[in-house]
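Enquirer: Single-letter residue listing:
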Amino acid sequence: MKVDALARVEGEGAMYVEIADGAVRDVQLQIYEPPRFFEAFLRGRAYTEPPDITARICGICPVAYQMSSARAIEDACGVTVDGPLRELRRLIYCGEWIESHTLHVAMLHAPDFLGYESAIDMAADHRPAVERSLRLKKAGNDIIDLVGGRAVHPVNVRVGGFYRVPTKRELRPLAETLREARDDAIETVQWVAGFEFPDFEHGHEYVALTHPEEYAVIDGRVQSDRGLDIDERDLLEHIEEEHVAHSTALHAHLLERAEYLVGPLARYSLNSTRLSPIAADAARSAGLGAECRNPFRSIVVRAVEVLHACEEALDIIEAYEPPDRPAVDIQPRAGVGRACTEAPRGLLYHRYELADDGSILDARIIPPTSQNQPTIEHDLWHFVEANLDLDEEALKLRSEQAIRNYDPCISCATHFLDLTVREVDQT
Amino acid sequence: MSDVRVIGVGNAYRHDDGVGLRVVEVARERIGDSASVQTLDGEPTRLLDAWEGADVAVIVDAVQSGAPAGTVHRIAIDGDAPASDSDAVPARPRAASSHAPGPGEAIALARALGRLPRRLVLYGVEGVDFSEGIGLSDPVDEVVHTIVASIVNDVRSVRS
Numbered sequence: 001m002k003v004d005a006l007a008r009v010e011g012e013g014a015m016y017v018e019i020a021d022g023a024v025r026d027v028q029l030q031i032y033e034p035p036r037f038f039e040a041f042l043r044g045r046a047y048t049e050p051p052d053i054t055a056r057i058c059g060i061c062p063v064a065y066q067m068s069s070a071r072a073i074e075d076a077c078g079v080t081v082d083g084p085l086r087e088l089r090r091l092i093y094c095g096e097w098i099e100s101h102t103l104h105v106a107m108l109h110a111p112d113f114l115g116y117e118s119a120i121d122m123a124a125d126h127r128p129a130v131e132r133s134l135r136l137k138k139a140g141n142d143i144i145d146l147v148g149g150r151a152v153h154p155v156n157v158r159v160g161g162f163y164r165v166p167t168k169r170e171l172r173p174l175a176e177t178l179r180e181a182r183d184d185a186i187e188t189v190q191w192v193a194g195f196e197f198p199d200f201e202h203g204h205e206y207v208a209l210t211h212p213e214e215y216a217v218i219d220g221r222v223q224s225d226r227g228l229d230i231d232e233r234d235l236l237e238h239i240e241e242e243h244v245a246h247s248t249a250l251h252a253h254l255l256e257r258a259e260y261l262v263g264p265l266a267r268y269s270l271n272s273t274r275l276s277p278i279a280a281d282a283a284r285s286a287g288l289g290a291e292c293r294n295p296f297r298s299i300v301v302r303a304v305e306v307l308h309a310c311e312e313a314l315d316i317i318e319a320y321e322p323p324d325r326p327a328v329d330i331q332p333r334a335g336v337g338r339a340c341t342e343a344p345r346g347l348l349y350h351r352y353e354l355a356d357d358g359s360i361l362d363a364r365i366i367p368p369t370s371q372n373q374p375t376i377e378h379d380l381w382h383f384v385e386a387n388l389d390l391d392e393e394a395l396k397l398r399s400e401q402a403i404r405n406y407d408p409c410i411s412c413a414t415h416f417l418d419l420t421v422r423e424v425d426q427t
Numbered sequence: 428m429s430d431v432r433v434i435g436v437g438n439a440y441r442h443d444d445g446v447g448l449r450v451v452e453v454a455r456e457r458i459g460d461s462a463s464v465q466t467l468d469g470e471p472t473r474l475l476d477a478w479e480g481a482d483v484a485v486i487v488d489a490v491q492s493g494a495p496a497g498t499v500h501r502i503a504i505d506g507d508a509p510a511s512d513s514d515a516v517p518a519r520p521r522a523a524s525s526h527a528p529g530p531g532e533a534i535a536l537a538r539a540l541g542r543l544p545r546r547l548v549l550y551g552v553e554g555v556d557f558s559e560g561i562g563l564s565d566p567v568d569e570v571v572h573t574i575v576a577s578i579v580n581d582v583r584s585v586r587s
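Which chain is which? The protein sequence lines are A and B, in order.
Using our numbering, you'd call the opening residue of the first sequence number 1 and step up by one each time.
Using our numbering, you'd call the opening residue of the second sequence number 428 and step up by one each time.
No lab work stands behind these hints: they were computed from the structure.
All figures in this text were calculated on a predicted structure; none of them were measured in a lab.
Ideal placement from N, C-alpha and C gives every residue a C-beta, glycine not left out.
Mixed in with the good hints there might be a few duds.
Coverage of chain A stretches by chain B, computed from C-beta distances (three or more under 8 Å per stretch; other residues unrestricted) [said to hold, decoys possible]:
| id | region |
| --- | --- |
| 1 | 108-120 |
| 2 | 128-137 |
| 3 | 260-270 |
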């Protein structure tokens, strides 16, 4: 039996659930993975091109692809970008977190909690909340527009830094926008904290970047809540990838460990002590502890991360002194470069092998959603099993909501999200 | 002077999904300064931002409704009028973007929030190949210049 397309997930994908004799027999998230196409497309291209090309993988998180690719290529060329250029990278990344998370919180996920089919239906009854969210999202847009040259598929990012950097004066109006956005973000945390959350917790290993002084976004060590602690460059060596029949994407597992989770829940649980002051207060008031293991509460964690990003962006703007030059000079050389950054949906790893003329011999991209895919399937399995008493329509809606907890970026990782529930009659 | 915006929606790396981008690229030269031209990925709230404050918005996107490839659906909406069946832009059949929601959702959301431009013209171009890769299929490529001519007329009719 086929049910409605699962909307309100970025892009497209398919979910298949098989139930027989009152038990879940199979859960499959069917994924088609564009990064594979882009990996092939990048071979033979110049080392300068990945930030612009990989930004096209995802309309919602182009900055993440630009940052991971630029840093991986800089790693191959033996260059580290720091100082004001690193701060500008963190600033544009804040813009992407604000935009992407707000879109998911308000337009895709909130309707689940409030009982609406879509944000369109919700807008009539919750207009102030929708308007507030649109303002907040626009503030994220404005950051990307100013630092990235335009809001969609920013063009100002390059290996080594930027083509042009903003002046202090140009950033000033953005600070005003962000002060208002911060207030909107506080209200958004309060709004979503009042939703009702199903009683459900998982025990997955949480993996995220960590940084001694920051709520890690742009660089750091890859750590887990169960003792994994590796250089960000070594992620691939610690992952075991498995082809599964129902998906062209690879299922990622940590070597000699189980499935794991990247993204807001993992980030928050590993880094909550490094949240900015107002975000930390808001998290406490919203009932979040030092870690969060209920995926339905991920909507609250995202809202807290938006607030954190607003504060962080304001701090960066206030302390900003323009760099001497918009980019570090980079000379290509033969070698391999690897880097991770925290895309809104979690750890995004890029690896490039360059020839001595700087042309790309091999490219490898591991997006967050393919790392989370086995975990989403695992959660859905247990969630459906615990809710088999619901009628099919209610079960379907709850399952969709359970998938949306992870904000799977389907344009990065999957092709067409239909939810199919098949009841196997064995009599 | 009226504020006219021409917006191409799509993903150039998904073959026919890039038709909206291709159309506005060609249209840009012919329109000149008489309208602003931009490209978007179709995410609905970005569309709302893109036409905010516009008198007229012209949107071009790929669609999949089962009609023959290259069929062009043109739908004009009066932003001040209440929704009626005759101007219903289908949220499904949806724009064939690699992102599920598209202009149909954006129009519905804008209407709910009172954010439609005074007049909105949507060109939906029936695509056939949405696999990964660049370049349009022949039937879609063949209608690009026809749509451009029609958009130039839309812009001129506002100006005159």
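Enquirer: Determine which of the earlier numbered hints do not hold for this structure and return their numbers in increasing order.
Expert: 3
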